[in-house]
Amino acid sequence: MTPLLDVQNLSVKFPTRGGIAEVVRGISFTLGKERLGIVGESGSGKSMTGRAILRLIRKPGQVTADRMRMGEVDLLAASEKQMRAIRGSHISMIMQDPKFSLNPVMSVGQQIVEALRAHDRRTSKVAAQTRAIEMLDAVAIRDPERVMTLYPHEVSGGMGQRIMIAMMLIPDPEILIADEPTSALDVSVQLQVLEIMDKLVRERGMGLIFISHDLNLVANFCDRVAVMYAGRIVEVCEAGRLHEAVHPYTVGLLNSVPNLQNPRPRLEVLKRDPAWRDAPSVVASS
Amino acid sequence: MSALTIEGLNVWFGEGREHVFAVRDLSLDVEEGASYGLVGESGSGKSTVLRAITGLVPTWRGSMSVMGEALGVGRTPAFYKTVQMVFQDPYASLHPRHTVDQVLSEVLKLHGFRDIDARIDQLLVDVGLGPGYRFRYPHQLSGGQRQRVAIARALAPDPRILLLDEPTSALDVSVQAEILNLLTDLRARHGLTYLMVSHDLGVVGHICERIAVMQSGEIVETLGVEEMRRLEAKHPYTQHLLDSSLRSARG
Amino acid sequence: MKMTDPSTLRAWLLAEAPTSRRQARASAWYVGWLNLRSNTLAMAGLIFLALLLLAAVFAPFLASHDPFAQDLGARLLAPGTDGHLFGTDSLGRDIYSRVLYGARISIYIVLLVALVAPLLGLIIGTVAGYAGGWLDVVLMRVTDIFLAFPRLILALAFVAALGAGIENAVLAISLTAWPPYARIARAETLTIRNSDFIHAIRLQGAGPVRIVMRHIWPLCISSLVIRVTLDMAGIILTAAGLGFLGLGAQPPSPEWGAMVSEGRKFILDHWWVATVPGLAIFSISLAFNLLGDGLRDVLDPKEGGA
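Chains as they are written, first to last, in this note's numbering: chain X, 1 to 286; chain U, 1 to 251; chain E, 1 to 306.
In isolation and in its complexed conformation, chain X is listed as follows:
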């Protein structure tokens, strides 16, 4: 079976005064109809990986890869116009803060209808309205008719992120990239939003790339987890067996989280080994 996404030797470079900074250094992975988690600390290159797939890296940044294909489409060779079509309807992306992703001067309903009609011009206004309400219903928003008339500043963070998910899923993309989708939300809301996202992704048989700094959260909502360090993948493991991880970085990350029920007088501090940086990137193919 051909994977939904096949990435070989992806690198992202930025020229700086001190030379070229390589934020992603030759990583390879494939994505099937599954949920892949990419975990790492800030600066590990995880967000850049997500952006590079959608070719959202701005100049002077450079994206290179031996192969970057979505099904049969070569993402590296696609024109900017083709990429725009792909971004909306084949690969969607959910960003960290819904406040920045929603248009502040359009009501939620207008934005969803707009997204629907941009995707399929033949949809009538009435049909689009009905569809939008269905979508809001699908992301567990109560009273969707009323929410349709609200403006982004009138909805809470959790609701905003659910609206984003609804909008992103409208064109039925094959792949959803979620970049820290719940980091700006409170813990209890976080789980609710993730559970909704998870349910929809499973129902529709999509591929999910879940980018986060939170190992435990990713383990709960993914099938496989790739751990990134300094632009490379240092370890890949099945989410259920995360606690059998062997790489000292993964183990260190897991142990540095304060645990309410197993308290320790001192938290474990990562001792970063320079060798981690130079070890070859692990291939994350399913």
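Don't read these hints as lab results, they were simulated from the structure.
Among the hints, a few may not be true.
[Unchecked claim] One side of the interface only, derived from the structure: several residues of chain X facing chain U at Cβ under 7 Å:
1. E41
2. S42
3. S89
4. I196
5. L200
6. V257
7. L260
[What the hints assert, rightly or not] Chain U stretches covered by chain E per the calculated footprint, using a threshold of three residues with CB under 8 Å from any CB of chain E:
8. 106-114
9. 149-160
10. 231-242
Note that the coordinates shown come from a computational prediction; the quantities given were computed from them, not determined experimentally.
Yeah, the Cβ is synthetic: ideal placement off N, Cα and C, and Gly gets one too.
Using the hints, position chains U and E against chain X.
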């Protein structure tokens, strides 16, 4: 002796129709040398309590006293020598154009210290940075290093009470662990009293012995850390918070 | 040995961990300079201004004639005749020498205005922004009143009241130029005032004067410097305008605006009399604008100088 006593604190913002209470009828008592946690979700008013104590929010009623001295509207230099605060975001709490040296020497001068050079070096050693970082600008430091500088600034006047406003929520977990360890060490070494605000039950449970749970401006429950670990919360909101936190932490 | 010197100095300046206050400061300036240097247009502006400054300083050596010497026999000579590089004006004075000496006057006016107006604006704006309340209202309404007048008309009124002359022209331009700076400084102060680093220094017991001067000013100054360099052109033009109207520098002093004004009478038959000082005004304005654009990239406080 109580380091910090708050009784019937109300804090509000705005006037007329915009008038909203951020904190309602809040009372708490922190023993000297203790570590007290305020937990709640965004908008619960937990940070506002800290801002009212420090005088950054002047619109409050009720009574607050620090080390037995009642607080009025203004704050005296003696207050700032006793109570210091560490802010949430180390990227916003350091002046972008001041070196570490400028930040610390200004603070030390304000508090009337003489041996400034020696004290700066000592402070930097205390927070685990060392004198090598003394002449750097914030943009030359990582998030964790910036937070260490902010902690050094708070420690400069030799305070007795540290108010910690989500000091690690902007940091990576591995860096968070370093900062939490540092806070534990500093408290032991200097006999500090902590009042920490956080949304993360794991972090609060690690640092604090006693925890107050806040919801929309009010304390709904106060419990010891042992009770919390045994999940013996009485209030449904506390149970809900504990449940969410455990579910998201389960691998 | 000499060959290695620059590289060690460079290393010292770009050190990750400076070891003294002096090095930290020098290093911050050097990084800014490197940023500016990579902007070709800004450097072109800077080089032109540097040349102009040198030309003004060394005008007595560079001038081919006495700028005030009249020679009625050699009136309105075309450029290039009889050793007059840019020709002569209606009184037979050498235009090239007059433009050179005129640079002194223009730079003098620009520097004085550039010192007085932004400083006034900075003080008024930051005080209004930080204090808030009625003081803010009063200061901002005064600013509005000044902004409501067309700038040249207000300057004219001031000069008329104070009497014609360069110093009074400078004063009049400064008095009309400060309100935009006050607005910028106030807007910046309003955002800076609520940032955590200001809260932090307040919690150390710092008073408002210290906070405004040591913590807010350094962050406002960069946007003001940018605005000033972009406004320089306008200042020169206002000064030239006043000169043109006969209210600035008085004859026979070779102020560029006055020279254009004088040349206006002959513009159809003897174009160079008005064009050469006009070109001088144009190029100095352009140079300042280019430099201002470059400075904006270097000084943007959001970049933190990184």
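These are the hints, each one checked on the structure:
{"no.": "1", "hint": "E41", "verdict": "holds (4 Å)"}
{"no.": "2", "hint": "S42", "verdict": "holds (6 Å)"}
{"no.": "3", "hint": "S89", "verdict": "violated (32 Å)"}
{"no.": "4", "hint": "I196", "verdict": "violated (15 Å)"}
{"no.": "5", "hint": "L200", "verdict": "violated (19 Å)"}
{"no.": "6", "hint": "V257", "verdict": "holds (5 Å)"}
{"no.": "7", "hint": "L260", "verdict": "holds (5 Å)"}
{"no.": "8", "hint": "106-114", "verdict": "holds (count 4)"}
{"no.": "9", "hint": "149-160", "verdict": "holds (count 4)"}
{"no.": "10", "hint": "231-242", "verdict": "violated (count 0)"}
The structure fails to meet hints 3, 4, 5, 10 from the earlier list, while all remaining hints are met.
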